[in-house]
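Engineer: Let chain A serve as the given structure and place chains B and C on it in line with the hints.
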Amino acid sequence: MFPKNTWYVAATSEELTDKPLGRKICNEPMVFFRNENEQVAALEDFCPHRGAPLSLGRICAGKLVCGYHGLEMGCDGKTVAMPGQRVRGFPPIRSFPVRELYGFIWVWPGDPLAADEKLIAQPIWHDKPQWAYAGGMFHIACDYRLMIDNLMDLTHETYVHADSIGQKEIDEAPCKTSVEGDHVATARFMNGIQAPPFWKMALRGSELADHVLVDRWQICRFSPPSQVMIEVGVAHAGQGGYDAPDESKVYGVVVDYLTPETDTSMWYFWGMARKFKPNDAAMTDAIRNGQHKIFSEDLEMLEQQQRNLLRHPNRKLLMLNIDAGGVQARKVIDRLIAQEQDVANTLA
Amino acid sequence: MFPKNTWYVAATSEELTDKPLGRKICNEPMVFFRNENEQVAALEDFCPHRGAPLSLGRICAGKLVCGYHGLEMGCDGKTVAMPGQRVRGFPPIRSFPVRELYGFIWVWPGDPLAADEKLIAQPIWHDKPQWAYAGGMFHIACDYRLMIDNLMDLTHETYVHADSIGQKEIDEAPCKTSVEGDHVATARFMNGIQAPPFWKMALRGSELADHVLVDRWQICRFSPPSQVMIEVGVAHAGQGGYDAPDESKVYGVVVDYLTPETDTSMWYFWGMARKFKPNDAAMTDAIRNGQHKIFSEDLEMLEQQQRNLLRHPNRKLLMLNIDAGGVQARKVIDRLIAQEQDVANTLA
Amino acid sequence: MFPKNTWYVAATSEELTDKPLGRKICNEPMVFFRNENEQVAALEDFCPHRGAPLSLGRICAGKLVCGYHGLEMGCDGKTVAMPGQRVRGFPPIRSFPVRELYGFIWVWPGDPLAADEKLIAQPIWHDKPQWAYAGGMFHIACDYRLMIDNLMDLTHETYVHADSIGQKEIDEAPCKTSVEGDHVATARFMNGIQAPPFWKMALRGSELADHVLVDRWQICRFSPPSQVMIEVGVAHAGQGGYDAPDESKVYGVVVDYLTPETDTSMWYFWGMARKFKPNDAAMTDAIRNGQHKIFSEDLEMLEQQQRNLLRHPNRKLLMLNIDAGGVQARKVIDRLIAQEQDVANTLA
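Chains as they are written, first to last, in my numbering: chain A, -6 to 341; chain B, -6 to 341; chain C, -6 to 341.
Each hint should be verified, as a subset may be incorrect.
All copies of an identical chain are treated as equivalent in the list; a pair is satisfied when it fits inside any one copy or across any two copies.
[Stated by the list, open to error] Straight-line Cα separation of at most 30 Å, DSBU-like style, residue types lysine-lysine; simulated pairs: (1) 309 / 71; (2) 111 / 193; (3) 286 / 12; (4) 309 / -3; (5) 309 / 12; (6) 56 / 169; (7) 161 / 56.
Keep in mind that the hints were calculated from the coordinates and are not lab data.
Excised from the complex, chain A in its bound form (with noise of 0.2 Å):
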């Protein structure tokens, strides 16, 4: 239950390297690899000769070549060469529109012609020195959208992350939740508390008291198919909370590609984008190290939940007022599989 026709992050940059890389995404086999020009192509991962996986072969000069029998392929799925055979006749592989922006490979899983790469958001932080990003990936055994619930309700972190990230003050404290056309917001305002020491950390970085009160807000916001960025920050209480001047606040945003691996699977590319001592290497590598323990704690939970939802496919659950971000995601979600259905429809 996903749309095809949408750009879907594959892979960061830095996983393509000189050796191809197999994927599944959205129920394909894929295989990534760059040709001599660093240009990134993604085809089935099947070999038209006697069906090897592609990314078990290597790259020779900018070509995919069969680990098996040695049958090179090009970045648009036709084959280009084999040891003493003629291959015009070789019938060609699929190949899915790719690109590289932003530090991932982006793949369209639909169809190639309604592929645009405009559709593909600039990241705020993006060619911004001001900004530094860091993150990771994480394969878990659940449907994409259970990740969407739990990243626009983020009254959970009061239990899964209660040694890190919770505090009590987030669950006690409303959101409200907005939509705009395809894109749903849900906001938190949590306003004269005590920074978590995530935050004191983040105030005294940017040499700003951290033994004041703060104004702290979280605004998840989801974008279609599948990413969720998360604004939050702190200011000190009473400068006007996320709008107060910048200097007297730090914040950054917390980034979420969702990629469908199979109905009940998924690639989760997360990281952080902050916009406070950007040139920090050591605070980057802590941050991303913080995340990606906190980001595990959810692992689990989401792997027993999808199981237990396998169980019992036709109960209802609640949807409660901090549901209210997730079932409006999944609205977006239905109805774009439902618009390509249409045209699939309309065309057959």
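Structural biologist: This is chains B and C only, laid out in the frame that chain A set:
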């Protein structure tokens, strides 16, 4: 294939500490926890909010708190609180009748109205200072009825446990099976034999001569749904055997509570109650360790037997006289299942 | 998809020691053991008493004793004894024709009446002191026919075994496939080339110059149901190649007996027979170790190819001239399976 309107051992009392315990019983994922009065509750392991397993949560002031978003569950399956929410409209989840008796947690997976505490049989050793008890638990990937067969026919000791309690006299002595109502007993008497090492140790421990010939007995008693108590002991030969006066015999009970997890897996609660040297803690440990080792030897055989039977579902097995105990016990079980079905049909 | 009225290698002679050996062949779980005369028997791995696997038992005086309750099984599948029981009425279990010949245990999974020992081909190196043989066994999760394809087309050596026996000349030299009855041969001749390291070693070992150009050959010979003998060797260039006199060449046979375990897994008995330095035990070990390493490189490719094909069951693969050996071998196999089916239909 198991009765559901009956009590099964779900856990030992010691297993239920200050954390919830998740365990599947008769195909039902359940969560067990203690309330503020240390009383045990059993609920289905499914948070009504978003389907997370409640067993991943924690216990706060006798309430089970979901580890995902903090929903608080009472012992009866009704939500009692959730941060920022009115919970009156929340659908209750299923609760199961549960009792803590004789060192075990007992659960009734069937119709709660039929649950009757008096049906839990009091073990012979309970509350008697002359007796000592120790045991353990295994998970086994086999139908619990294969374990009943195993326990009701101890000739397997000669082969599976050749290096420990087995002795040639066991399969040379004929056994006799009798049925009384829902209870089945298979008895074997071996008179005038050498005591095996375990019973020599027990004789010495009771200050009885250990080098003389003994009369040995094994009486396997099945009671529904799936418990097997095996009376075992030796008496100095010619003193009356099983009926000899206490001064010339040593004896105990091998305790087996079998609980179906699924149709092809089970929880095996095993132990030994003995009526000699009850205060010798070192002997208690030694017996438990020995039993652990001996019962481990049955595991692979039973699991592989199960796999073989699944491969040949229609193949007829032999029913020899040594199998009579298991055969009769299965008849009792089949009758109880049929009775439940009759009641269900009448109500439908 | 395999013939059943045929001999398959079930094990090496050394594998059958004083313990029974359980192994599934052509979807049949079998148990192999030696009787008191060291003769091998093959039975289904299922005790007629309670369904325990007989392979968990032991061998006593040439009888297979079930490890559960001591039933004793003869070589013909008839129960010969059981403690305290009359066994005359016990149903026999299935026995399979089995032979020990040429260092291997051969089993016939089909109609026992059709089993004919003369159909087991004598290997060329058997009983010849000028030859040495060593080998090993792998379990591979792929249809045995994918391994036939692999072995009948050695162009894969250039890619899969690039670091060991592969050389560019292999896929540059055309190969030729011929069929004679049920036998298929694919031959490749590479004349006037540098000998690769393995053959340089063999030349030196035979006191032949190793720095001169050689003529190299590879002749892959398939015989039903699933054996591939590959004649390999080099001769000093211009001496007649394959037909050169023995004084100017070194050669051997790569031995491959493939045995289906299930439809998508197999037992792979591999080895090398060589006609040089037969008494050099260190060389024998070195060749076995080298082959072990080389064949290991094929494992992942074949298993992943199998998974890819299972995902795309209806997708057509290419049949190039390099694939002709495999294509023709599969035709032979298909014909044998169809013949068995015809016979079965006639009898039905």
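Engineer: Does each hint hold? Answer for all of them.
Structural biologist: Hint by hint, here is what the structure shows:
{"no.": "1", "hint": "309 / 71", "in the structure": "between (48 Å within a copy, 16 Å between copies)"}
{"no.": "2", "hint": "111 / 193", "in the structure": "neither (38 Å within a copy, 60 Å between copies)"}
{"no.": "3", "hint": "286 / 12", "in the structure": "both (29 Å within a copy, 22 Å between copies)"}
{"no.": "4", "hint": "309 / -3", "in the structure": "both (27 Å within a copy, 26 Å between copies)"}
{"no.": "5", "hint": "309 / 12", "in the structure": "between (46 Å within a copy, 27 Å between copies)"}
{"no.": "6", "hint": "56 / 169", "in the structure": "between (51 Å within a copy, 29 Å between copies)"}
{"no.": "7", "hint": "161 / 56", "in the structure": "between (55 Å within a copy, 18 Å between copies)"}
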